[in-house]
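Protein chains in written order, with the numbering used here: chain A, 1 to 335; chain B, 1001 to 1318; chain C, 2001 to 2330.
A hint or two may mislead.
[Said to hold, decoys possible] Per the computed footprint, the stretches of chain C lying under chain A, defined by three or more beta-carbons under 8 Å from a beta-carbon of chain A, are:
id : region
1  : 2152-2163
2  : 2194-2200
3  : 2223-2232
Just so you know, these hints were derived from the structure itself, not from any lab.
All C-beta atoms in this analysis are idealised placements derived from N, C-alpha and C, irrespective of residue type, glycine included.
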Amino acid sequence: MKVPLLEIRDLSVGFQAEQGILKAVDRVSLKMEEGKTFCLVGESGSGKSVTSLSVMRLIDYDGGDILSGEIFFHGEDLVRKSQEEMIKLRGYKLAMIFQEPMSALNPVFTVGDQIAEAVMLHQNKGKKEACQDAIEMLRLVGIPAPEVRARQYPHELSGGMCQRVVIAMALVCKPEVLIADEPTTALDVTVQAQILDLLRQLKAELNMAILLITHDMGVAAEVADQITVMYAGVMVEEGTVEQVFSHPYHPYTLGLLKSIPGYESKRGMDLYAIPGNIPSLAQLPQGCRFHPRCVLAQEKCRLEEPVPHDLGSGHMVKCWLSESAEMSESTAEKR
Amino acid sequence: MSGIPLGESPLAGNSLGGGNPGPESAPQVVSLGRMAWRRFLRNPFAVAGLIVLLFFVIAALFARFIAPFNPARIDLLAANLPLGSGAHILGTDELGRDIFSRLLYSSQVSLLVGFSVAFVSVFIGTLIGAVSGYFGGLIDTFFMRMVDVFNSVPLLFLNILMLAIFGSSFVLLICILAFTSWMGVARLVRGTFLQLRETQYVEAAKALGTSNWRIITYHMIRNATAPIIVNATLMIGGAILSEAALSFLGLGIQPPQTSWGQMLSNAQQYMLTDPLQAVYPGLCILVVVLAVNFIGDGIQSAIDPRRKVRRPRRRLGR
Amino acid sequence: MNAPELAKKQYLLETSGVKKYFPIKKGVLNRIAGYVQAVDGLSFGIFPGETFGLVGESGCGKSTLGRVVLNLQRATAGQVLYDGRDLTKLQMKEMRNLRRELQIIFQDPFGSLNPRLPIKDIMGEPFRVHERVNKREIDEKVIELMHLVGLDPARRNSYPHEFSGGQRQRVGIARAMALHPKFVVADEAVSALDVSVQSQIINLFMRLQRELGLTYLFISHGLNVVRHISDHVGVMYLGKLVEISLTDELYSHPLHPYTLALLSAIPQPDRAKKSQRIILQGDVPSPANPPSGCRFHPRCPYAQVLCRQEEPLLQGTGEDHRVACHFPLG
Ligand SMILES: Nc1ncnc2c1ncn2[C@@H]1O[C@H](COP(=O)(O)OP(=O)(O)OP(=O)(O)O)[C@@H](O)[C@H]1O
Ligand SMILES: Nc1ncnc2c1ncn2[C@@H]1O[C@H](COP(=O)(O)OP(=O)(O)OP(=O)(O)O)[C@@H](O)[C@H]1O
Ligand code: SF4
Ligand code: SF4
Ligand SMILES: [Mg+2]
Ligand SMILES: [Mg+2]
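Start from the sequences, fold in the hints, and give me the full structure.
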């Protein structure tokens, strides 16, 4: 088997709080291969951004601690690297597109300078050449009149343009691994299609591995090779797009798919929503973390945490129901 | 229209919450002020600075009781005693005045001048900078021209003029020093406010109907603390030294009152024969300025919720 | 509500010919070198109690329109009538008082929250600004608001950066809803939320609308969401409204070529539908230098000579369906 380019093994990340350490991410594992796209979906607050920030080791600056686990990149454990070593990798081999474009940009520099900065830092290019690269990249992400835009400040651009600037910044050094935290949420569908196309193209060209975090199931279905569903800090389902979307198994995944507007509900009517809320990290439920909201919950779910179960060919589900065949039939009926 | 209390409104029944426990079971949260204080205490430099400063303040306050001699008592027979001469711990100066006592009494004047000048000038500078940065336009132009004018007036000239008109006094000295040093703060704060003005949370505050005054004093100031605190700490040292310069010209503190600055300028004449005379007040100024800087730094990170004191990395589970 | 009934009613908010131009400054002297025509002459109306969906390319001026409508940025030209009053001409004091009825949920869930304020103060601010209430009452209201949007009240002392993107967005929603406004501009209010929380919030929006008669200007890229929640939908392209219609009508019979392209680009969880996508050719033109005639012509597959020369006007074809195109699709 091929050695994965980036492998996350049993990663747990916590935040110091009054109540003690809150685990925002609990034993997450991921294997990313070159030229593949991995999608992370899940409820808001389920630890997707924290996972990605941990890979970049930016979580240290957010007050988070990697409690356990390893992140292998080219066979080296990123968790053990110092920040100085990470600086050399970040923005170069490992790039990230942040969820909030506005806060990732410095308000006092023009966007062109900010992109060029990365080039000058990592690729030993002169200012002029770097600016050229920056403009070229802006053009690639579909910003009209990039020469003009490069000389503007972030607040003079629309939300979607800032987002594209951030994308350009991440891509300008042609990284090996790209972590994209909701890169297209701020974009309209046509530009989104364009950006996704660009990502696909670059992925093929550079043999880049992409970790894509998104809320949009449509986007996930379109670009992902592998999908991981997270809930309250743990992975609950994992598999290929086909497996997860066409044969979803975990009740949470199912609820998620049902909530898509237009998937099931009529216009103007209430949308389907999973009842309740994601639990607070300080008071995680016993057993299966989803059980207070799960329609299929049983006694066992309340007491014991389910173990990952392989349904075959890499389709992992973390739900007690997946254990026994009869039960899965009864779930199928209830669906 | 008066606000509908949420409890009676249709909003009340619509809670999305369900999984989460109600407010009664919410764990007792630590007050934010106390959290900031805790963060401050975790910074060893800041705490050290605070202790040193407190030490100086106490010494100044109780100078009367601590000082072994009257600082103005001239005793030509005991002039120029060296370090450690019996009752004169730090020796005496050319007129036989006890240096240690003089240092203690000087600290009263110097600290008072330093802190009040810094306070007044930072206050004025912040106000003017904030207003001109926030409103921009004509107001900004007006205040910035004013800054230029103040910058071009020579401090000495102004001081002589003022003293000639009003006579010399301590309050006047503070006012003059403050009025001639707020411009730097104003410039910096204006720059910060120009930036903050474009942020969305300021726009959000406007969208709520918040008054301009409240936006400036409640929403923006707290995001502009960095330049303000840095300036305030620098200003304290600066004011102590400016006072020294004026005193040197005989325009500041008048004898028999003394200040560190005055001692320093006095010691200049004896640089070659008795250099230690200059070292003592110089050292005092240095230590106070450093302490204040550390404290400023500590406050700065204590009130910034994003800055966490770095803890050693824990790795559980192995 | 059916169409003729709507037509008889008064608009709650009506714009006529609003424009917003931003100067482009150049060089050391900050000479004005031109204008970004972010919003260029929009006229439309929103009925009380309805949701008006606004969609369009990123950078076409949707957020700017939202701001201009609330008078957060003064319109360069044109009128914004709210309840019969022209907002652009109101005194500052009057405008401030009116703000409790007019609210906005910002696009950027991080930027719109003050990083130095704990979220309880952020959500309590509307009460402090507009109501005489004491600390304890504010605290109670904040806790209720947090329940309302599904946040854990125990975390009210935390700062914005300690929350996930979706949680922050909910803080923004809570702040906007705190004073029971009459008109809310929801600028990408649910884009940062995952589908399940999104459903909850949209259900909340709709419930508040039913019960309090709220009116929304709902700006979103999520065409599925817009379809679900809106009564009318307007499509913008480069500062202009190109099509406006009842929701079902627009989604089933788009008349403008741009609308069609937009609709075809909706990502589908179902991979089979992907093939029908219309990929627009060419670059998005710059709003500083928009194309002559129909602004869409350089990218329009149906463009003719006339399109380059003459600007199409927004004209009615059906009962409630207006389109700005010389050769609308039929
Ligand atoms: N700096 C921090 N301090 C304390 N808690 C934090 C911090 N950052 C994140 N969290 C908490 O960790 C959990 C996971 O957050 P994360 O940002 O990973 O969510 P997410 O899955 O990216 O959600 P979204 O889709 O809304 O962006 C949340 O409950 C959040 O409140
Ligand atoms: N303060 C400003 N100064 C100069 N130009 C601006 C300013 N604000 C917006 N613009 C410009 O106006 C145009 C419209 O911006 P706006 O934010 O309204 O777009 P939008 O439709 O909301 O896009 P998105 O969907 O990406 O948020 C853009 O070209 C933008 O660059
Ligand atoms: S383990 Fe039980 S509670 Fe958890 S998802 Fe499966 S059925 Fe539901
Ligand atoms: S007016 Fe012409 S160019 Fe414009 S949308 Fe219609 S057909 Fe296309
Ligand atoms: Mg996130
Ligand atoms: Mg916008």
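Status of the hints after comparison with the structure:
| no. | hint | verdict |
| --- | --- | --- |
| 1 | 2152-2163 | holds (count 6) |
| 2 | 2194-2200 | holds (count 7) |
| 3 | 2223-2232 | holds (count 6) |
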